[in-house]
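Peer 1: This is what each chain is made of:
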Amino acid sequence: MNFFENGFCACGNNSGVERMSRMKRTIITVVGKDTVGIIAKVCTYLAENGINILDISQTIVQEYFNMMMIVDTCNCDKQFGDMADELAELGEEIGVVIKCQKEEIFDKMHRI
Amino acid sequence: MINLYEVTETNKMIEKENLDVRTITLGISLLDCIDSDLQKLNEKIYTKIYEAAKDLVKTGEEISREFGIPIVNKRISVTPIALIGGAACKTVEDFASIAKTLDKVAHEVGVNFIGGYSALVSKGMTAADELLIRSIPLALSTTERVCSSVNLGSTKTGINMDAVKLMGEMIKETAEYTKEQDSLGCAKLVVFCNAPDDNPFMAGAFHGVTEADKIINVGVSGPGVVKTALEKVRGENFEILCETIKKTAFKVTRVGQLVAQEASKMLNVPFGIVDLSLAPTPAIGDSVADILCEIGLEYAGAPGTTAALALLNDQVKKGGVMASSYVGGLSGAFIPVSEDQGMIDAVVAGALTLEKLEAMTCVCSVGLDMIAIPGDTKATTISGIIADEMAIGMVNQKTTAVRIIPVIGKGVGETVEFGGLLGYAPIMPVNQFSCDAFVNRGGRIPAPIHSFKN
Chain V
120 MNFFENGFCA
130 CGNNSGVERM
140 SRMKRTIITV
150 VGKDTVGIIA
160 KVCTYLAENG
170 INILDISQTI
180 VQEYFNMMMI
190 VDTCNCDKQF
200 GDMADELAEL
210 GEEIGVVIKC
220 QKEEIFDKMH
230 RI
Chain S
142 MINLYEVTET
152 NKMIEKENLD
162 VRTITLGISL
172 LDCIDSDLQK
182 LNEKIYTKIY
192 EAAKDLVKTG
202 EEISREFGIP
212 IVNKRISVTP
222 IALIGGAACK
232 TVEDFASIAK
242 TLDKVAHEVG
252 VNFIGGYSAL
262 VSKGMTAADE
272 LLIRSIPLAL
282 STTERVCSSV
292 NLGSTKTGIN
302 MDAVKLMGEM
312 IKETAEYTKE
322 QDSLGCAKLV
332 VFCNAPDDNP
342 FMAGAFHGVT
352 EADKIINVGV
362 SGPGVVKTAL
372 EKVRGENFEI
382 LCETIKKTAF
392 KVTRVGQLVA
402 QEASKMLNVP
412 FGIVDLSLAP
422 TPAIGDSVAD
432 ILCEIGLEYA
442 GAPGTTAALA
452 LLNDQVKKGG
462 VMASSYVGGL
472 SGAFIPVSED
482 QGMIDAVVAG
492 ALTLEKLEAM
502 TCVCSVGLDM
512 IAIPGDTKAT
522 TISGIIADEM
532 AIGMVNQKTT
542 AVRIIPVIGK
552 GVGETVEFGG
562 LLGYAPIMPV
572 NQFSCDAFVN
582 RGGRIPAPIH
592 SFKN
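Residue numbers (this note's numbering), protein chains in the order written: chain V, 120 to 231; chain S, 142 to 595.
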């Protein structure tokens, strides 16, 4: 995990130089009433779009599902906005709220 | 690595506590547009602003989407128009034509306000300065998005009382010109002492002559976030209170710094400053007055208000300074009346008066802001109010301002509705005793002794 924390890309087929390029880390949050298959559906979408999951944490408080994923979108061809819209749509289908935000906003706010 | 708790905290600030970036303001120098031909001048101004700002709104929206943080306003500030129009404008109508050009380009690029219909007359007025000031009522009544400001004094120069007198008359005239809209023109007109060159907030934003060709300034805001943080330390002592405000201000400002850097990168315009501000809106839970109540006051305006505001302002600065590489603008807590539901409630309850607001302006970042007064208030009385506020700024070496609205046809007890971010306000009573002889003396008040530092 230290490798990721340095913020470098670990994408498989790239050359050495490309591998050192900055990773595009995005935080995906999923909040809503717990139901079967939330993680499966989100992960399927991510896999289909070449988005690598770096970390997942999840809790359930009073039947409310609360999940955060740290993902790397450097191999995803889609524009950030399109990806965010599609995930939000997927969320609506499942009945949860899915938000995509670039990691920097959290990093800046919580780390000196 | 970022954890779930931190992500939830940030998103709660955005979704429930109204954390937002209040404005990205693009400062544009118009010095290279100066021309003695009015038509050419207007064309050059239009082209320069359009080219510089055509991607501003789109960029703001993109940043907002990527980080999931609302960026409420995208705005433009320009070099004070009195300097730009001096060579071409011979009549008030000439100057007002520049205001129309600014309004047109603001509509075209999609910004909601454009600031800089301004004159800097802290020591004296040139003929162009005076002409611009006299054109303000016409300019503001024939445009929608243009904001005007006039710097009337500074710690270094003293107060230009001739200009103070003239501005009292112009505020009254602007109110008359826009009386069909409850004197809305005056909500877009502010007078300053010690006006900063890099203020991103309207109505007082202009692009100072000390600035680069183009610059990005960002104003952050988060009264709701501070209020919620303080709810958790009710009853604790001042040390804990102050630490909590500082930490919260740090977090809020870091978001502003991030947005400013991103905007600067995407627009290829240098980053100027972050303005560390607590800027309220009329929305519930987005109020500076509510923070004062949370600190321990029944209403803003109760005894202790000035002290509470002083500590709030100071802690916001202390927390924010470390969060940003460059800090500037007005930086501090804003206390507009009509734009803050808690302030409105305090006025309605009888807790907050014009005199108490004046005391509060000694310790906060701006001044008498968005205050509605009876429409029959005399121009000299308005000048007297302005002179008092300018004196506070001059002696305390801080920015002070007056944005006051004499609502034509309305009196104390009535309410005026400006709409949107400008909110609504109960009309406040004004001291009825005369200051005519004082205002009519003419000339200027010398700079205070402690300004001679060389």
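Derived from the structure by calculation, the hints contain no laboratory data. Heads up, some of the hints might be wrong.
To be verified - In silico contact screen, one side only, chain S against chain V (beta carbon under 7 Å); selected entries:
# : residue
1 : VAL148
2 : THR151
3 : LYS153
4 : ARG206
5 : PHE208
6 : LEU399
We put the CB at the ideal spot given by N, CA and C, even for glycine.
Peer 1: If a hint holds in the structure, say so; if it doesn't, say that too.
Peer 2: So, going through the hints one by one against the coordinates:
{"no.": "1", "hint": "VAL148", "in the structure": "holds (5 Å)"}
{"no.": "2", "hint": "THR151", "in the structure": "holds (6 Å)"}
{"no.": "3", "hint": "LYS153", "in the structure": "violated (11 Å)"}
{"no.": "4", "hint": "ARG206", "in the structure": "holds (5 Å)"}
{"no.": "5", "hint": "PHE208", "in the structure": "holds (4 Å)"}
{"no.": "6", "hint": "LEU399", "in the structure": "holds (5 Å)"}
Comparing the model with each numbered hint stated earlier shows that hint 3 is the single one that does not hold.
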